[in-house]
Amino acid sequence: MVVRKRKTAQEKGVRGAKMTSFHRLVPNMITIAALCAGMSAMQFAIAGRFEAAVLAIVIAAFLDAFDGAAARLLKAQSALGAELDSLSDFLCFGVAPAMVLHSWSLHFAGRFGWTIALVFAIAVALRLARFNAAGKENPEANHSFFCGVPSPTGAGMSLLPLIIHFQMDKPAAGEIGMMQHPEVVGAWMLLFAWLMVSHVPTFSTKQIRLPPKLVIPALGAFGLLVAGLINAPWPTLAAMGIAYGATIPLAVWMSYRKQQKAAAAVADGKEEGKTDI
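Under my numbering, the very last position in the sequence shown is 277; numbers go up by exactly one each time.
Hint data in this document are derived by calculation from the structure and do not stem from the laboratory. These numbers come from a predicted model, not from an experiment. One or more of the hints may lead you astray.
Taking lysine-lysine pairs in the DSS-like style, the calculated list, with each CA pair at most 25 Å apart, reads [to be verified]:
| hint | residue 1 | residue 2 |
| --- | --- | --- |
| 1 | 206 | 258 |
| 2 | 18 | 75 |
| 3 | 206 | 75 |
Simulated restraints on C-beta separations [unchecked claim]:
| hint | residue 1 | residue 2 | range |
| --- | --- | --- | --- |
| 4 | 262 | 210 | 21 to 27 Å |
| 5 | 18 | 114 | 33 to 39 Å |
| 6 | 265 | 66 | 36 to 42 Å |
| 7 | 80 | 265 | 39 to 45 Å |
| 8 | 112 | 265 | 46 to 52 Å |
| 9 | 66 | 243 | 19 to 25 Å |
| 10 | 111 | 262 | 44 to 50 Å |
| 11 | 69 | 133 | 21 to 27 Å |
| 12 | 221 | 73 | 40 to 46 Å |
| 13 | 221 | 77 | 16 to 22 Å |
| 14 | 75 | 52 | 34 to 40 Å |
Idealized CB from N, CA, C, for every residue including glycine.
All chains, please: the whole structure from these sequences, using the hints.
Put into structure tokens, the structure is as follows:
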């Protein structure tokens, strides 16, 4: 008589585990590529290659914009991907910009400069933590505005003095450029550290809807933007940063107007209810 050994639950789980399709790994691969770009930015900064460092962070931002879209398109969302994306964002848009700007400018201010770098990285961590917590508490929330400046945008805006320096500053040997002064860079970083953790409304591109007649002009404008990034990256990136900064007051005003209209609509509804009674 042959006695068959019963399989343990662990053995059944291992043998019965579903195979993972390759396409489900693509979003995580994009996130890891962004992580590599962020790490490389720090290495470039240590070597004094600041132009390469900025480009690495820009590449990380573009990759970050695509990993979530790829996950939704391929229906490959996962808890692992969400956590990996958050950790990558902290390194690419918190640690990397802080290290790049410290190596370029803030180190001239000693401990004060390092403190500013720490504050900026902590602000990114707090923003990401708030975003993750808000998503878990209310995953169906859909707003026309972001609450504060998103971390990839905050990282890019923090690098604006360095980008302008590439185009304008031509310091003599042994001197630093106007945009490189740690007071300028530090104040700029603190401003966007605050904007990232604040509740200041900023525009969300996810809510932009174009009428049919504007589709072709929008595509043409995008083509011009890409051409500018290829042929004149620093002026183009500087113009993008300045244009984004100009939209912040506009977003605040439009958000205020929207809240006023919503409050007026609620008040009108209450008045109608009293009249019916």
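Range hint compliance [Cβ, residue 69 to residue 133, 21 to 27 Å]: holds (23 Å)
Does residue 206 pair with residue 75 here, judged by a C-alpha cut-off of 25 Å? Holds, at about 19 Å.
A range of 33 to 39 Å was offered for this pair. Does it hold for the Cβ distance of residue 18 and residue 114? Roughly 48 Å apart at Cβ, these two residues miss the hinted range, so it is violated.
Hint says 19 to 25 Å; check whether the CB-CB distance for residue 66 and residue 243 agrees. holds (22 Å)
Outcome for the supplied range 40 to 46 Å, where the beta carbon pair is residue 221 and residue 73: 24 Å Cβ-Cβ, so the 40 to 46 Å window is violated.
Taking the beta carbons of residue 80 and residue 265, is their distance inside 39 to 45 Å? This hint holds: roughly 43 Å between Cβ atoms.
Residue 112 and residue 265, beta-carbon distance inside 46 to 52 Å? Holds, at about 49 Å.
Does residue 258 sit within 25 Å of residue 206, going by the straight-line distance between their CA atoms? holds (17 Å)
Does the beta carbon distance between residue 265 and residue 66 stay inside 36 to 42 Å, or does it fall outside? holds (38 Å)
Does the hinted range 21 to 27 Å hold for residue 262 and residue 210 at CB? holds (24 Å)
For the pair supplied as a hint, residue 18 and residue 75, is the alpha-carbon distance within the 25 Å limit? holds (16 Å)
When you take the CB atoms of residue 75 and residue 52, is the distance between them in 34 to 40 Å? holds (36 Å)
Against the hints set out earlier in the document, violations occur for numbers 5, 12, 13.
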